[in-house]
Amino acid sequence: MTALIHPDRLFPADPDTRAVARRLYAAIKDLPIVSPHGHTDPRWYAENRPFSDPSSMFVVPDHYIFRMLYSQGIALEDLGIRRKDGAPVESDPRAIWRRFASHYHLFRGTPTRSWLDHAFATLFDLDVRLSSTTADLYYDRIAERLATPAYLPRALFERFNIEVIATTESPLDPLASHEAIRKSGWTGRVVTAYRPDPVVDPDFEGFRDNLVAFGTLTGSDTTTWEGYLDAHMKRRAFFKSYGATSSDHGHPTAATADLARGDAEALYEKVRSGPVSAAEAELFRAQMLTEMARMSLEDGLVMQIHPGSMRNHNPHLFAQFGRDMGADIPTGTEYVRALKPLLDRFGNEPGLTIILFTLDETAYSRELAPLAGHYPALRLGPPWWFFDSVEGMKRFREQAMETAGFYNTVGFNDDTRAFPSIPARHDVARRVDCGMLAGLVTDHRIGEDEAAELAHDLTYRLVKQAYKL
Amino acid sequence: MTALIHPDRLFPADPDTRAVARRLYAAIKDLPIVSPHGHTDPRWYAENRPFSDPSSMFVVPDHYIFRMLYSQGIALEDLGIRRKDGAPVESDPRAIWRRFASHYHLFRGTPTRSWLDHAFATLFDLDVRLSSTTADLYYDRIAERLATPAYLPRALFERFNIEVIATTESPLDPLASHEAIRKSGWTGRVVTAYRPDPVVDPDFEGFRDNLVAFGTLTGSDTTTWEGYLDAHMKRRAFFKSYGATSSDHGHPTAATADLARGDAEALYEKVRSGPVSAAEAELFRAQMLTEMARMSLEDGLVMQIHPGSMRNHNPHLFAQFGRDMGADIPTGTEYVRALKPLLDRFGNEPGLTIILFTLDETAYSRELAPLAGHYPALRLGPPWWFFDSVEGMKRFREQAMETAGFYNTVGFNDDTRAFPSIPARHDVARRVDCGMLAGLVTDHRIGEDEAAELAHDLTYRLVKQAYKL
Amino acid sequence: MTALIHPDRLFPADPDTRAVARRLYAAIKDLPIVSPHGHTDPRWYAENRPFSDPSSMFVVPDHYIFRMLYSQGIALEDLGIRRKDGAPVESDPRAIWRRFASHYHLFRGTPTRSWLDHAFATLFDLDVRLSSTTADLYYDRIAERLATPAYLPRALFERFNIEVIATTESPLDPLASHEAIRKSGWTGRVVTAYRPDPVVDPDFEGFRDNLVAFGTLTGSDTTTWEGYLDAHMKRRAFFKSYGATSSDHGHPTAATADLARGDAEALYEKVRSGPVSAAEAELFRAQMLTEMARMSLEDGLVMQIHPGSMRNHNPHLFAQFGRDMGADIPTGTEYVRALKPLLDRFGNEPGLTIILFTLDETAYSRELAPLAGHYPALRLGPPWWFFDSVEGMKRFREQAMETAGFYNTVGFNDDTRAFPSIPARHDVARRVDCGMLAGLVTDHRIGEDEAAELAHDLTYRLVKQAYKL
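Chains L, E and D, in that order, are what the protein sequence lines are.
So for the first sequence, my numbering puts the first residue at 198; every next one is plus one.
So for the second sequence, my numbering puts the first residue at 198; every next one is plus one.
So for the third sequence, my numbering puts the first residue at 198; every next one is plus one.
Don't read these hints as lab results, they were simulated from the structure.
Mixed in with the good hints, there may be bad ones.
Remember, identical chains collapse to one label, so a pair may be satisfied in a single copy or spanning two.
Claimed, not checked - Below, computed lysine to any residue pairings styled on SDA-like, alpha-carbon distance capped at 25 angstroms: (1) Lys281 / Asp541; (2) Lys437 / Asp496; (3) Lys226 / Gly644; (4) Lys467 / Asp250; (5) Lys665 / His300; (6) Lys226 / His302.
Looking at chain L on its own, in the form it has when it is part of the complex:
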């Protein structure tokens, strides 16, 4: 049986190129992890309680995993996913684990497989492949370790060599966990990020109630456009006081707008009091991106735009299990016309940083690289979600590099809810980048000294600079 993870994994096959990749990687592999965008739960770091069991750590919270199992006919109930109606689901973590293990072959060729093998090998010293045969061996080993102090969240945080990690919170979140972390005296650096979708997207569940709560929380009069904007400014300042350096915006499209003040006021009044049409909701989200850019110019928060996911495509699953159940599907996403209103207003500001993400890879070479290779305010985020993968990263570099260069990109985001996958994900990005750079050295597009500098920049320096961390 081979070990789960090979020292040369993900490096190019050609021996000369592989040798270069090895050298580049050796010099950056131990750099600390800077994780500027993700969705880990700050309570883990605040409460520092042990993860309860292998399935709760690896299977139940990971939509990459249960999505694939579901596509092959396995009921979510059998994986222990809680139903909204409270009907019983599998509650034996070992049964869930065995079910997962016996389908582990489904993940061949997927990034999930790489991340899991990395965690199994490096955290739990497992060196046989997961399968129905080894399911119990795995379960016992992991369960045993999780009960020890070395596997508590803060210990793992330190073991992972995380210099700083950002979580993502709603403006309505009191940031209690962040406050608890601060008070605890623990030195791990956990910052928040401002994700205003619940009070910016009229289609968000409970939007109108959220606006009321937003007013109460900030003491601003959110029944008026001016008060609503003021509430954002106050809340952004509050988030900044808990380390936030960025805001994050998950919109169905990249549409932006720059309405006259009176029109914006009228639109706000409409979305606040309802009913609101799909076009009005879209226009309001569009206007808010421009407002957020304006605020960023004032308070310095870096702006991240994540467009193009059709959320909750599967209504049955949504009804039974709720959001984020693996049924968010990308759609074609246009940027050139969509971003123009915002860019007409703020695109030439060198003091503003807007980081663009996409789930539509056709935009890389056609729209995103030309835009980022021109506008001072734009940078390209790393390959996102389905494209946080070996092939996804290769396509991103091949299609964006020649027009946007490397210096209009911002390093890696792990974007994860799955804590143990963090080192694996960063390691994949480092390996793929080193392999790609090695290719440029081998075909003599750049020198190895430049590649080494780039490897460091992509892993560390550009992330900290772009996110002001």
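Got chain L sorted already, so can you dock chains E and D onto it with the hints?
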């Protein structure tokens, strides 16, 4: 002069990776051919008459070939393609062959070239390249062999090691050839597939007459929506009695609909009695995909959707030569919104299999892999038509594998009208898959034991399972 | 320190494949440059004056360079780009050069870097990398050489081994430089090309004045549709007398139209007298593509269509600096429906050549290769603008080759305003093509003898044939 086909053809260049590819390929190259989707003529197997001459076998029926020759200014008449007006065309097969041979360089780098060289070498023991110089040598060799019993269709079928092949027929087809094959006692397994476009697509030539014939054939009252649906159920059962395990749907778009019963009835009345607008025709096709899915849940036929070709783009050619003359051109194809009505109704059925194809490769990573990686009813068909090619297959795997995995795909379809190309096409798919898997072994994403299992699955097991063959 | 350009640059890493690439390249590297499409200034060849300084030669006129520098916050004024309001900008070429040099790392991985290093090494014998440290060494060396006769435009033209170069002129251009070249007795072959956008695009600045000037220049009555078309025919003939073999059309989309005569007349009257809607302007451009195709059938000019750039995306930059300031951004471009009116009329003419370009790479495999692989009148231009790059060329071949073959393509265009980059650009294309062909040899898709013939065809023969040069 080198031989036409090299034992290492299509394998990766890197020596270590090539060595793995060779091993993987050696273990699966002799597996029987399972051909679940194609367009060979069942009369060949029923009548078992010799192919008349080299041009009639290779050139005249192959739109890949005459399309390319036409694009370089060669008249279809000079290739012996029959005109609808009966005007004279080239009737000397040797003259056609020489014309083809003298332009053989046009096919450099195309899949057609690979398929032809494979057939020339393996079936006719030719080992010099086709050119104007060797045209007659080729012609004589092929003509001589075609006159022998070993080159009759059934002998070739057996030589090709075909375990089962599906043809494609209209619901109006009496399946006489399939009946003749059955009665003949020949053991070759030839099954039909249900391709209802002539009675489902209001834009099909003769659609209304077809509906009348459909009623006559089935004894159902196709003047009513209920009778029309009943006719489908009866005819599907008839097709099943001739081995059909699948239906096939060639639509301009992937649109589906799920109309209320009254609306569907009214729409059917409209398309039946005309006139019908483009939007109504589209809506009717869309509704019929959902109806077919419903029937599939009952009778178990696997459903194939082939959207996105604009048929008969060239009106002059269509007027002079009719359908399928190489002027079908792909268009951008959206799936996420288009399939939603059908998926809302049946997407969560693990007992249903819908196989999706595309001529718009941008959908692989953005739409198709995320959909197939979630919905239990969905699987991804192999690269289709223009993308049944070395580079097309590589792109498919690179772009679909990481999100849909391998197990939401269904192996290879040859989709061909060109009988002698069948072994070549399957061989290309096997080689490209082995090369791709070897790459995953060499960069340590999977073990060689897993790659070997996958090579077998992709070549044989997944096809049989997905198509229930 | 390594030399700036390595003899094996851009060749595949695999040693066997690289060896084939070397052999293929050795046989074609010294072929003369045929440059059928570009934007060099004919005054250079007419007046043969020295380039004034390094910055004026390399930085100020090159939108690839200042676009990237601008994206990283460097003001265009600091690069010596002239403002429309005449406000002062940096006037010290050495200061501009130093600014450029200190940001040279931004170009890592971009084609600009390759082109520049090639020019620095081959023209100026520089062998250390450009950086802030070497800025003055570079500046002095280049400035010194530019003052010598060997660096005059005509001497460089000959040194570059240019067999023929096309420039691009408006119909309103008197072609005085071309006349001066002819009269000078210099034997360098510089031809013009007919770029009628200023009198074809109602959105062009000064369009209506241009129509008046067009009438004056040709003696045709451009107040009528007939006279306007007549003016084009006359002016095309005039351009042909200065060597033109092609026309060039830069439109926002690929839309074509084939209006009835009365409708075309009425539309012309509208665009001539205004006001004109966006849809009418689009329809007029669309109609003019079909008119130009009709004229090409008569006078033999090859037609080039360059669609899909949204010009002047950045209104602030446009207001301050004018056109072509790096803010032209590609947009999604549809061809299959757009070209149908023109193709319905002229697509089957083997005597017509229309060369299609794209800034939307998704069209390669989905639309352009299927169209060019069918219609006798269509050919595919090389990767354009942002895709005139190593990875862009690879994608073009991988995505177009299998359906369109090589012989529906037309070799390379340098499309440049940057004179010293011409040999570098052609060299990149030759290397990438040889590397790609070597890959086909190594995986046994074609023989090395065929690859050698193709390398010659792609470099030289197909260009001359397609452009009738």
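A quick look at each hint next to the structure:
1. Lys281 / Asp541: Answer is between; shortest inter-copy Cα gap is 19 angstroms, intra-copy 45 angstroms.
2. Lys437 / Asp496: Classified as within: same-chain Cα gap 9 angstroms, cross-chain 61 angstroms, threshold 25 angstroms.
3. Lys226 / Gly644: both (20 angstroms within a copy, 24 angstroms between copies)
4. Lys467 / Asp250: Neither: 48 angstroms inside a copy, 60 angstroms across copies.
5. Lys665 / His300: Cα proximity of Lys665 and His300: across copies only (21 angstroms, versus 42 angstroms in one copy).
6. Lys226 / His302: Between. Shortest inter-copy distance 23 angstroms satisfies the 25 angstroms Cα cut-off; intra-copy 29 angstroms does not.
In the structure shown, a violation is registered for the earlier hint numbered 4 alone.
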